[in-house]
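The hints should help you fit chains B, C and D onto chain A, whose structure is shown.
There are 4 protein chains.
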Amino acid sequence: MNSEIPEIGVGMLGYAFMGRAHSNALRSIPFAIDPPPAIPRLVAVCGRDEAALKAMAARYGYAATYTDWRDMLADERIQLFDNGGPNDTHAEPCIAAAEAGKHVFCEKPLARTAVEAKAMLDAVNKAGVKHGVAFNYRFVPAIRQAKLLIDSGALGRIYHFRAMYLQEWILPHYHTPRLWRMDKSRAGTGAIGDLAAHIVDLGRYLVGEVKSVSGLTRTFIEERPLPDGRGMGKVDVDDAFVATVEFANGAIGSLEGTRLAAGRKNYEVLEVNGEKGSLRFNLERLNELEVYWVDDEPDTTQGFHKVMVTESVHPWLQHWWPPGHIIGWEHTFIHELTHFLDSIVNDKPVAPVGATFEDGYRAALVCDAIVESALRRRQIDIA
Amino acid sequence: MNSEIPEIGVGMLGYAFMGRAHSNALRSIPFAIDPPPAIPRLVAVCGRDEAALKAMAARYGYAATYTDWRDMLADERIQLFDNGGPNDTHAEPCIAAAEAGKHVFCEKPLARTAVEAKAMLDAVNKAGVKHGVAFNYRFVPAIRQAKLLIDSGALGRIYHFRAMYLQEWILPHYHTPRLWRMDKSRAGTGAIGDLAAHIVDLGRYLVGEVKSVSGLTRTFIEERPLPDGRGMGKVDVDDAFVATVEFANGAIGSLEGTRLAAGRKNYEVLEVNGEKGSLRFNLERLNELEVYWVDDEPDTTQGFHKVMVTESVHPWLQHWWPPGHIIGWEHTFIHELTHFLDSIVNDKPVAPVGATFEDGYRAALVCDAIVESALRRRQIDIA
Amino acid sequence: MNSEIPEIGVGMLGYAFMGRAHSNALRSIPFAIDPPPAIPRLVAVCGRDEAALKAMAARYGYAATYTDWRDMLADERIQLFDNGGPNDTHAEPCIAAAEAGKHVFCEKPLARTAVEAKAMLDAVNKAGVKHGVAFNYRFVPAIRQAKLLIDSGALGRIYHFRAMYLQEWILPHYHTPRLWRMDKSRAGTGAIGDLAAHIVDLGRYLVGEVKSVSGLTRTFIEERPLPDGRGMGKVDVDDAFVATVEFANGAIGSLEGTRLAAGRKNYEVLEVNGEKGSLRFNLERLNELEVYWVDDEPDTTQGFHKVMVTESVHPWLQHWWPPGHIIGWEHTFIHELTHFLDSIVNDKPVAPVGATFEDGYRAALVCDAIVESALRRRQIDIA
Amino acid sequence: MNSEIPEIGVGMLGYAFMGRAHSNALRSIPFAIDPPPAIPRLVAVCGRDEAALKAMAARYGYAATYTDWRDMLADERIQLFDNGGPNDTHAEPCIAAAEAGKHVFCEKPLARTAVEAKAMLDAVNKAGVKHGVAFNYRFVPAIRQAKLLIDSGALGRIYHFRAMYLQEWILPHYHTPRLWRMDKSRAGTGAIGDLAAHIVDLGRYLVGEVKSVSGLTRTFIEERPLPDGRGMGKVDVDDAFVATVEFANGAIGSLEGTRLAAGRKNYEVLEVNGEKGSLRFNLERLNELEVYWVDDEPDTTQGFHKVMVTESVHPWLQHWWPPGHIIGWEHTFIHELTHFLDSIVNDKPVAPVGATFEDGYRAALVCDAIVESALRRRQIDIA
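Top to bottom, those sequences are chains A, B, C and D.
Note that the numbering used here has the first sequence beginning at 8, numbered continuously upward.
Note that the numbering used here has the second sequence beginning at 8, numbered continuously upward.
Note that the numbering used here has the third sequence beginning at 8, numbered continuously upward.
Note that the numbering used here has the fourth sequence beginning at 8, numbered continuously upward.
In short, the hints are calculated from the structure, not lab data.
Since this is a predicted model, take the numbers as computed values, not measurements.
Hints are supplied without guarantee of correctness; some may be wrong.
Treat identical chains as interchangeable: a pair holds within one or across any two.
What the hints assert, rightly or not - Derived EDC-like pairs: lysine to aspartate or glutamate, alpha-carbon spacing no greater than 16 angstroms straight-line:
1) K191 x D95
2) K61 x D41
3) K61 x E11
4) K313 x E295
5) K191 x D243
Isolated chain A, as found in the complex:
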């Protein structure tokens, strides 16, 4: 590789879905991004299952494996700790990594609760390391473009934000077992931490801070077979939620997430309505952005523009292909980790383009408030 480009040693925690997604991005950055801010050196991957670790290391080219994250954090070749593990493995290892002077990039939700997230935020702040939370949808070009339009004032005052994140994978039809994502001790919450966290972050990113929420939660299916086949396990997290939201700037909105919406695979859809225009985004068609301008000329052809966000004028598209040659979901991680590497090697701020532990903590405050409002049956102000 290009000898002028610095290398950053990476230690990865996790080898499942998110471990793969992060690793895929780290491996792609050197040739996908031209020039890359840094070349990630895949030093080690850590997990509990040795066979899975070996396979992961072979596939993605990790030089070493560890079964204890403490050992991995002692590896001096590692400058960046990338945490792609389950929610209950976020706080302690991330805090330890910060204390060890590693930069930290962590999957979302940052933690199981806002209290836990706050401890993590305090740790990275104290250590002075770079920190990021994988709210990767900020790195969808269409979302970034939406942010630029809103920030430019093109939409004027914002009245409405509505976001839903619908999936279907725990429908009875699928006989989904009680995975860790349905176990409160490991996941913290269900659809809230998994799905609300994303749309809360996008609401904060696009519209601003949340002032209050009022929500409902449901666990429609209260018992599921344990993954190991040893009987049934209780589902003690939410299958679904709905919430109203007030923003500090006066806008109002709705948030909704579920894993029981038949036919909705990864259907994260959001809409922003402002004084001068509207925006709509659908993650299943992430290369598109719908935009409406109230003052479009001529007035006979006003309508939502279906924008193919694949032009060189669009964010990050200079790295990719000609117009209309679409990119995929995984590319969001390439953009995000490139941005994070750039922050490290050029000492740039992660925010506001990327999400930091501050953002992870603030999203957690809103998520906690949805839970509390559902319990107390009333609107809850965000601290």
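Frame of chain A; chains B, C and D shown alone:
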């Protein structure tokens, strides 16, 4: 016309948007529906502006005009009182009509408050007349088809209902004056009575009774020019609302309505997610229904079906055109008033296909609860 | 009705699909259009089946019935002869009507061949009566809007026109019998006269005269049961066609029609690509028009506009409902017959907004050339 | 990497768009595909511009660079010659590579003419090497799924194939210079070789051999500035074409391609209509496939299924992400080159899943026939 078909004398209150929509339907029924259950005889139209009344009578063929509804109700040729006037003209004339033994069909919302609606319900029940409220979207073929599918059990247990009704006509861009729809004394509420009433009714129709709601309301633009040009008037109703909703059967949902969603003309969209499938409807494409079945075969081609609800197997389509030859918004009133006339002449129940004053009252209870929950910042149970 | 508005006596030939569509429009004009240019008086309807005629007369209010069109044309109350019959009943009655001094409005295709159409054109020209052919899709507001945009120069030079008209009703699945539309002696051609005629007319309307065509035709299913159950009948018309087309202005295009496209109900879709923009239309969503402008600002939000053609600035929409309240297929006939009545009572030209027998003849020339090119396997210039 | 997996040395010709797309795929295969059939070793890249070559080698990790492909072909480390160069660099280097015993993978169109393609086909056949042509859209999961459905008989007899491939990049608005793609001596043809080649291949893949075509071509803009700024150059290839097509199995179709369709970025859309169902695909939404079944139950919910082709039951999706997490255009090359590597190391046939030089030659015959038919103004049989 066919001499065997009975005639029903109609007295209409109102000559604006809804007066026109109802009159258009009444005039169309004799030739559009084959055979019509009754031939509406357009006896009289009533309003305050004599010139407008004359024009209305000439256009739609009303035999007489009245400027006082009391006089019209004394006209013995009238068997059906059709109230297409503003919200503040619903209760008293409808009650008087019932007391005069007329059947009553009233625009939505039935009244400005649930208390007012209850008085109307009591009156029609006491009088023993037929009563209907113009929740005309029950008479969109796609909505009726959705209801039949849900009632057949094809979707299994219902988990979610989400509905939004978005318009844009009071955006600053349009310089909309303070019409009666923004005056609490005349309209009762704003987007709630106008838009929430429709989607609450559809929620009740499709999913069942509402157990509780929690809502937010906003008046983003608090003053507008008076229509007569004499200065500014205060907007004392909501421009927009969002709410969460619990149904008695355990389903949860979201409701949202606004008149400030740039680009959304008459965008009433709803989705129902059940154990075995999902349904989605969009009023701006009212000839279509999207349907997903979890057990579609083969599994490689599962996906939302975009159903053209224009086949002879679909509700009311036997009256219209070959497949793919779409109908319009106004046809919902033709279906609805045909159904109401049939109820009268054949003494059939209006419900559950059509909405009665009972339905109007129950929708009003939910609308009132949204207002109350916004004020009290908490979830409100429906009485 | 308004006493100042003139009446026009109408004699209708046909009581099937098109007879109904025309009658529905004629009955609707008096109250749908404000003010109507004339009030159609439904003098008589003519056909062979007396029971069907009686039912038709009762339904739509025709004062009389005739079983011989010659007798009907002798009825002096009739000023406008509206021919909604099958293709083999177009030429002779229309010519006779013109000779009797009646204005003539005829269903499309104008005739079974261009020769037949030419005789009809000569007859109306000689008689000096108004003449129209029911290319009703010119009266879809979105199509009229498209025409206005093209004529304004907004699209610049036109490069491409592509149009398809796909239906499915003769698929084996439907066991469709050999109707008159599949009998060459009655229909002339199959998909060509039925479907190509429409899109050829729209090509001529939007882009200009056709210079040459080259086509293929197919009869995939060569025998079908006779409607009367008495055995099988030969299908001697085309089930489907495809053609390339050159326009006199240099644009090129494609035309395609079939009755064997599974899932396509009445799917007439066309697209125009010009130097400065593009337009796309889909009849199954006839209230929408897709428009692209190459110089839209800002360049980050360029994309096809999904225009809801339901605003008061759009053609004919001043007669209908507020934005987003859609109209249906049948409304095209209301617009078209209103335009034709206006041409009669105010002696205005039918063209270029409406189609005349000249347009019917020119479309027939193109249709004949598609047939000839398929036989001769070569490109055919239009005379 | 995994030591059991064989390595294949690759020599790449070209460093522009296609050179990058192929290189990106080769670099991704080792970690994206689990397990990869072989690990591509990027031995060398060849081109004329040394600076560009160095950059390309650094970015993708090519060990060496060559400015003469003859030298590269002499490099014994190379087993696979991947030709991503312009059309005029296909024949001679590919033939030489075959003669040198290298497996050959070549960008489309295989050659500038069918004669040239035939020489290439003869060479690879004589050499006995594996050969592939980069008709990468066969490797879109939705297209592969479409093929499986058609081959299974699920659509029954095929009646229609219609395909268009629309782009806009040479519109006057873009001031596109006369690139090599508009120079007949280098490109052979314009839209035909670039766009028709793809849709002809998909037609052959999905429906079968082509029997005849009849086409039109246009060069709307006949002069453009030369890329080097030294005046104007003549465009001697087609900007656009339209054609009708007959298939050997009796189906008929239309083909259309242009680079002058405003708003169409990379809009390759195809539809297949069969006796029992239809399929529709749009490359700009390549993760989706629309499918209609005539016998869907219940009949009230028949409609085109919008299938998210992102399930583990779909082709190649086992390598990617959970449902609804979409892939991009570049992934088609990952699938295609994985398939080609598998063919090499496991001595499997490239066809019928992948396209061979035989397919490249047959597509060229059809492309040549479109050109000839446009010149001779008649239908041309494919030899």
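Status of the hints after comparison with the structure:
1. With identical chains, the CA atoms of K191 and D95 are at most 16 angstroms apart within one copy only, with a shortest distance of 10 angstroms there and 52 angstroms across copies.
2. For the homomeric pair K61 and D41, the shortest alpha-carbon distance between copies (13 angstroms) is at most 16 angstroms, but the shortest distance inside one copy (30 angstroms) is not.
3. In this homomeric assembly, K61 and E11 come within 16 angstroms of each other (Cα to Cα) only across copies, at 14 angstroms, whereas the closest approach inside a single copy is 31 angstroms.
4. When the C-alpha separation of K313 and E295 is checked against a cutoff of 16 angstroms, the pair qualifies both within a copy, at 7 angstroms, and between copies, at 14 angstroms.
5. For the identical chains of this complex, K191 and D243 are intra-copy neighbours only, at 6 angstroms inside a copy versus 45 angstroms across copies, given an alpha-carbon limit of 16 angstroms.
Consistency with the previously given hints is maintained throughout, with no hint failing.
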